[in-house]
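> So the protein lines, in turn, are chains S and H. With numbering that gives the first Met the number 0, the residue at position 137 of the first sequence is 136, and numbering never jumps. With numbering that gives the first Met the number 0, the residue at position 397 of the second sequence is 396, and numbering never jumps.
Zero decoy hints are in this set.
Pairs of lysine-lysine residues, derived as PhoX-like cross-links and limited to a Cα-Cα distance of at most 25 angstroms, are as follows: (1) H:K754 to H:K260; (2) S:K250 to S:K3; (3) H:K260 to H:K242; (4) H:K667 to S:K250; (5) S:K257 to S:K3; (6) S:K1 to H:K667; (7) S:K143 to S:K250; (8) H:K627 to S:K128; (9) H:K240 to H:K256; (10) S:K257 to S:K143; (11) S:K41 to H:K539; (12) S:K3 to H:K667; (13) H:K193 to H:K213; (14) H:K260 to H:K587; (15) H:K587 to H:K242.
Pulled a few chain H residues facing chain S out of the computed Cβ check, cut under 7 angstroms: (16) G17; (17) V62; (18) K370; (19) G372; (20) I455; (21) V638; (22) G640; (23) T791.
In short, the hints are calculated from the structure, not lab data. Glycine included, every Cβ here is placed at the ideal spot set by N, Cα and C.
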Amino acid sequence: MKPKALILQAHGSNRDFDVMEALTLAGADATGIPLNELRMNKTLLSDFQLLVVPGGFSYADALGAGKLLALDLASYFEEEISAFVYAGKPVIGICNGFQALVKSGILPGEKYKERGKKEASSTLTFNEKGHFECRWVTIKPVSKNCIWTKNLIENITCPIAHGEGNFQTNDLFPLSSFIEQDQIALAYTHTSGSLANGEYPTNPNGSTLDIAGICNPQGNVLGLMPHPENHIRTWQHPRHTRGESSGSGLKLFENGVKYASN
Amino acid sequence: MSIYKFLVYNNNDPRNAGLLTDAHVLGFQHLQSIVIHDLYFIEGQLPQEGLQQLALKLLTDPVTQSASWMELPAPLSPAETDSVILEVALRPGVTDPVAEQIVRAAHQIGIYGVHRAATGQRFILRFDSSISSSESIRLSTTAISAALLANNVIHHWTIGEITPSFPEELASSGLVEIISIRNLSANELLALSKERRAALDLPEMQAIQNYFIKEQRDPSDVEFETIAQTWSEHCVHKTFKAKVTLDDGQVIDSLIKTYLKSATDKINAPWVISAFIDNAGIIDFDDEFEISFKAETHNHPSAVEPFGGANTGVGGVVRDVLGVSAKPIANTDILCFGPQNLDPKFLPEGVLHPRRIQSGVVAGVQDYGNKIGIPTINGAILYDEGYIANPLVFCGCVGIAPKGLHRKDPQVADRVIVLGGRTGRDGLRGATFSSMTMDAQTGDVSGASVQIGDPITEKGLIDVIIRARDLKLYNDITDCGAGGLSSAVGEMTSTIGCDVDLTQVRLKYPGLAPWEIWLSEAQERMVLAVAPEKISALHKLCETFDTELTDIGEFTGKGRLIVRYGETVVVNMDNEFLHNGIPQRQLKAVIENPSIRLSASKSVPQAVPQAVSQTLLNFLSSPNVASKAHVIRIYDHEVQGGTVVKPLTGVEADAPSDAAVIKPIGTKGMKGIVLSNGINPEYGKRNAYKMTWSVMDEAIRNAVAVGADPERIAVLDNFCWGDPLRPETMGSLVEASRGCHDAALFYGTPFISGKDSLNNEYLGADGLRHAIPPTLLISAIGIIHDVRQAITMDLKEAHNIIYLVGDFSAEQKTVPDVPVSAPQVYRALHQAITSGLIRSAHDLSEGGLAVTAAEMCIGGRLGMDISFESSALFTEVNGCLLVEVTPVNVAAFESQLDNLPYKQIGTVTQNPFFNILESASISVTDLVHAFNNPNHL
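Let's have the full structure, built from the sequences with the hints guiding it.
See below:
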């Protein structure tokens with residue numbers, strides 16, 4: 000049976016249908032459920048094997064991207080999502096979804112919240128260039144622990160479209176254990192394969208350590224700024240008219256769906 | 000209740016550097032640094048702990064920002080000697096979505112003492128030692144504030160600490176004024192029109208007078224305003240429907256009927272589903288879906304408040320597409336500005352600098368389009384001195400809908416339902432505002448005409464309406480645009496009549512008079528006709544998507560428009576009079592001899608044969624040709640996952656595509672939609688008729704270049720002109736309309752919708768007229784049968800052959816002709832594309848063949864050797880493209896173009912140099928550098 004994927008549609012989600020297409024193609028039975036509907040029936044979440052917080056501009060990014068959606072996650076679904084994550088089910092937050100996962104503390108994970116005395120020690124802040132940007136990037140699957148990125152060999156080519164995707168940490172953040180636990184899931188990379196090393200526009204937003212995506216220590220929750228769901232067909236590739244087709248984002252979703260069906 | 004002020008700051012705020020650059024470009028060289036802080040004002044009663052919670056949990060990002068707070072009034076913070084503080088806040092009543100979210104979220108986290116909120120910004124300015132006296136600091140700060148940091152239309156500001164103003168809580172006002180009109184003389188009628196900013200002329204005022212003489216009473220202010228809006232140029236297009244008498248005695252009865260609709264009727268394309276009658280034009284897509292397209296202008300609002308003007312321009316056209324029950328899937332934006340490097344001392348009084356207008360407009364488009372989740376995939380930016388006081392902002396939107404679900408058939412006893420945002424004093428009299436010439440005071444007195452959009456509320460409307468459509472929950476739908484409820488409800492009930500109660504309309508704040516409620520242009524609202532038994536299902540949908548639903552009355556079937564305010568009837572008019580009672584305008588037109596001047600265009604360098612290399616590089620970095628990447632990249636052009644040909648293309652994604660291709664998500668098969676545009680103000684100044692042919696050709700050849708089927712292209716017209724009461728202006732409008740008709744028939748390309756924005760003139764404080772160049776935008780929507788066959792303009796491979804396709808005329812004309820063979824050439828080229836014979840294609844436009852070839856080299860990072868007469872390298876022509884063909888396909892390609900004009904002119908080379916035999920040799924690196932470094936920025 001196909002694993003059931005829930006796409007959480009918040010007030011202002013807009014890549015919900017894009018990721019639905021990707022998950023369907025990857026073999027999931029994907030359903031979009033508006034946040035208000037899920038609020039009415041919270042136990043619904045446990046019927047699903049995979050959870051997606053899609054891209055968009057929830058609450059128009061008021062007071063910081065993903066912040067008010069994070070508040071929703073924390074105030075309405077804290078128990079349900081904790082149980083989902085604790086059960087090891089795959090969760091993915093893309094772009095605005097990633098921002099919400101970080102700002103609600105679901106990423107980088109529980110431990111970090113405790114260590115920082117319940118105060119966030121990492122964030123996604125304004126791009127170094129100070130404005131929104133849409134361009135195609137190359138990202139390298141780094142983490143062998145993350146169920147979404149492990150065994151991915153090829154780099155992924157896909158667009159970014161964000162103004163607040165700059166991953167930054169403060170002094171409270173335990174960077175060395177973060178790296179040790181293999182929590183850097185995806186990193187901005189030159190087409191040649193070497194890391195961006197902060198170089199714009201390969202690293203489009205100034206993220207520390209070229210971080211494009213991170214996972215929790217268990218490896219089942221992934222958050223990333225780029226949009227692999229927008230590169231699942233050959234004709235979406237920016238150079239498809241030149242015969243180029245590498246770097247599909249579909250494999251990432253197939254990984255998640257495969258894991259969910261086990 | 001107390002007011003608390005929160006100050007949130009990040010010492011490395013990336014906005015600071017951009018503001019400093021802007022200030023320097025605008026002439027404030029003495030400014031050394033500028034630092035921005037965000038301000039939040041909270042009205043309520045909060046304990047110290049609540050304030051702290053608010054700061055930590057809501058107002059700051061604890062990793063990057065710090066906050067401080069105080070209760071107002073606070074003792075003035077000690078002034079630092081070398082800096083000055085400027086604070087800016089929104090005027091009461093201006094849409095402030097962040098403030099609304101603060102109140103909602105505060106309650107969500109249990110801080111119930113928050114009553115109201117407002118936002119603002121603090122700027123800390125430091126000047127160099129040349130600005131040291133307190134008087135010179137005050138003057139400089141005031142000047143920077145006016146030029147860059149605040150806009151009186153929506154902001155109030157002060158040097159030092161600002162006091163926020165919340166809208167005053169007034170008691171509801173049922174005040175209705177009766178306007179004595181029956182005994183007024185002709186002069187008094189005109190004075191009344193002017194006093195109420197109604198923009199009505201004498202015959203129109205007399206028609207109103209006669210109607211109320213017949214009704215044996217005087218109108219209420221609500222009735223008078225309703226008529227003024229319904230009869231405004233914006234709503235009824237009276238110039239395009241006027242009876243025009245030409246200087247040779249010829250009479251044209253309505254430009255729309257005679258030229259635009261008639262062309263569409265004569266072409267009679269079976270795939271046109273709806274033209275000119277609905278909120279957007281509709282054409283066939285495939286067996287399952289239809290697609291709709293509409294473009295609007297938002298020029299006057301964008302001149303006064305660029306961000307809000309463009310923002311609500313995008314929002315407005317998206318609602319047009321929703322108004323035909325379609326899901327919006329792509330946006331286009333064509334923008335015209337004054338020179339970005341205009342010396343501020345030449346700026347007319349009361350006009351914002353073109354650089355500020357551009358950055359505000361672009362930010363407004365970005366904000367709305369990105370947040371609502373519609374990709375912005377096609378556009379253009381043009382610069383001309385004629386746009387200094389009157390920028391043009393064309394916003395287009397494409398929608399898709401399953402066939403047969405859009406309904407336009409209200410039933411008696413249906414309820415009049417308003418969905419979406421609440422009604423405030425925003426945008427009052429916008430329809431008449433946009434129909435008047437502006438003057439130096441317009442910005443001040445028309446403040447209420449401008450507003451800020453709320454894209455997420457409109458996203459909720461999309462979510463509700465698409466589902467309501469599929470569930471067949473409504474019988475009719477239209478959007479609230481200019482004229483607000485008066486236009487939307489008035490139009491929808493024009494055949495059937497209605498009875499509505501304004502006290503039912505939900506307000507942002509109390510105190511609105513009935514005419515204000517009825518006329519308000521508050522954004523993000525749609526009006527639906529819903530059968531009573533379906534209201535509850537619609538209600539449920541609205542709750543799910545946080546969208547408000549208000550039932551304000553019913554469709555009566557009595558043919559009269561009845562509006563009440565509680566017990567009082569404030570409008571009771573015959574629909575027939577309201578919608579058909581406007582007297583046809585009688586206008587005079589003089590057709591001037593097309594100017595024979597081949598003037599040196601100020602924005603475009605001229606060809607100098609002796610220095611081909613330098614001329615080419617100058618062209619590539621000239622404002623109208625150079626890369627627009629800095630704008631394109633801040634629009635999301637990938638959301639919805641359907642973008643096949645992107646606005647920037649090639650190896651490094653920095654070359655300009657001719658057109659965009661999208662494959663809508665959820666459609667079967669490989670069909671796609673092609674979007675392109677044609678616009679040329681320079682030709683508009685020279686010859687309106689030939690300009691029209693040129694821009695039609697440009698839009699069509701751009702679409703064909705990426706793979707559109709030339710037999711399946713439809714177009715929209717958007718006319719932006721000066722004051723049509725001047726016979727010469729009217730004359731060029733007649734000529735342009737005639738050009739639309741003739742060119743449409745020539746290509747077999749029908750118009751499916753259109754719009755006009757007239758009176759784009761500015762009467763400067765200097766007493767001089769500042770009129771825009773006659774500007775016609777043609778927006779094309781085409782079908783590509785298989786998106787995998789789409790073509791981009793970047794060179795693909797060394798040794799391929801370059802052809803010039805089309806009838807190239809080396810003689811530089813004032814405005815180039817359209818070659819007779821153009822339609823056949825496009826059809827043959829399309830055949831060649833579908834047969835897989837073309838590797839790249841790029842059209843010849845501004846800067847001629849040399850610029851086209853150079854851009855193809857930039858796209859492919861490959862070189863090209865061509866042989867071409869140097870005197871014709873920069874000649875501007877119509878109907879021509881360069882195409883790249885693989886050597887093995889040369890014979891097949893040439894046979895496709897049998898009997899049509901084409902010529903082999905060169906080959907693609909691995910060596911990255913653009914070599915023009917006996918004229919020039921330029922490295923691709925130099926081409927890239929010139930193109931990516933516009934010389935005006």
